[in-house]
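In numbering that gives the first Met the number 0, the protein residues as written are 0 to 138.
It is worth saying that the hints were derived from the structure and are not from the lab. Do not rely on the hints blindly, as some may be mistaken.
[Unchecked claim] Between beta-carbon pairs, the in silico distance windows are:
id	residue 1	residue 2	range
1	Arg6	Arg62	45 to 55 angstroms
2	Ile109	Pro29	13 to 23 angstroms
3	Thr84	Ala114	46 to 56 angstroms
4	Arg6	Gly32	28 to 38 angstroms
5	Pro29	Leu108	31 to 41 angstroms
6	Arg62	Ser118	37 to 47 angstroms
7	Arg76	Glu56	19 to 29 angstroms
8	Ala114	Arg24	29 to 39 angstroms
9	Ala114	Asp12	16 to 26 angstroms
10	Asp28	Ile99	35 to 45 angstroms
11	Arg9	Glu69	22 to 32 angstroms
12	Asn43	Glu69	43 to 53 angstroms
13	Ile109	Phe74	41 to 51 angstroms
14	Val112	Arg6	17 to 27 angstroms
Since we're looking at a predicted model, the values are computed, not measured. No residue lacks a Cβ here, since even glycine has one placed at the ideal position from N, Cα and C.
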Amino acid sequence: MPKDFPRARRVADAIQQHLAELIRREVKDPRVGVVTITAVEVSNDLSHAKVYLSSWEGAERVREAIAGLERAKGFLRQHLAKRLTTYKVPQLHFFHDTSIERGVALTQLIDRVAAERASDVVRTDEIAERDDGATQRRD
0 MPKDFPRARR
10 VADAIQQHLA
20 ELIRREVKDP
30 RVGVVTITAV
40 EVSNDLSHAK
50 VYLSSWEGAE
60 RVREAIAGLE
70 RAKGFLRQHL
80 AKRLTTYKVP
90 QLHFFHDTSI
100 ERGVALTQLI
110 DRVAAERASD
120 VVRTDEIAER
130 DDGATQRRD
């Protein structure tokens with residue numbers, strides 16, 4: 000592993016991998032369901048980890064999953080302690096990652112603007128054709 004790769008980043012990657020497996024295989028809370036861990040950020044002193052979640056089922060589903068994971072925090076930290084090679088296991092903090100929803104909304108906005116521009120070009124061409132026809136008839 001290169002030396003310029005920060006330890007916090009390595010720990011964050013390990014936490015993301017292990018948490019994903021724990022959530023999929025060990026957490027029995029039905030509120031958790033199918034969620035995706037999109038990112039984990041660990042503080043430099045390794046005392047706190049922000050875990051960002053998303054779900055294709057929407058924001059309400061993520062809120063339910065976060066409630067279930069908050070309840071399972073102790074269980075998750077206990078199992079992470081067995082899998083991580085660190086002196087301490089970070090406190091886990093769960094957050095809804097809205098970047099996917101924002102990205103979809105932005106894409107839809109761009110598509111709508113592109114469609115409006117395309118229809119404006121068609122209308123402009125039609126007006127230009129009518130104007131050319133009217134000018135030619137007068138001559």
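Evaluation of the provided hints:
1. Arg6 to Arg62: 45 to 55 angstroms: Roughly 32 angstroms apart at Cβ, these two residues miss the hinted range, so it is violated.
2. Ile109 to Pro29: 13 to 23 angstroms: 37 angstroms, violated
3. Thr84 to Ala114: 46 to 56 angstroms: Check passed, 53 angstroms falls within 46 to 56 angstroms.
4. Arg6 to Gly32: 28 to 38 angstroms: Given a distance of about 32 angstroms, which is inside 28 to 38 angstroms, the answer is holds.
5. Pro29 to Leu108: 31 to 41 angstroms: With Cβ atoms ~35 angstroms apart, the hint holds.
6. Arg62 to Ser118: 37 to 47 angstroms: 39 angstroms, holds
7. Arg76 to Glu56: 19 to 29 angstroms: About 26 angstroms separates the Cβ atoms of Arg76 and Glu56, which means 19 to 29 angstroms holds.
8. Ala114 to Arg24: 29 to 39 angstroms: 45 angstroms, violated
9. Ala114 to Asp12: 16 to 26 angstroms: 41 angstroms, violated
10. Asp28 to Ile99: 35 to 45 angstroms: 23 angstroms, violated
11. Arg9 to Glu69: 22 to 32 angstroms: 26 angstroms, holds
12. Asn43 to Glu69: 43 to 53 angstroms: 24 angstroms, violated
13. Ile109 to Phe74: 41 to 51 angstroms: 43 angstroms, holds
14. Val112 to Arg6: 17 to 27 angstroms: 44 angstroms, violated
Hint compliance for this structure: hints 1, 2, 8, 9, 10, 12, 14 are broken, all remaining hints hold.
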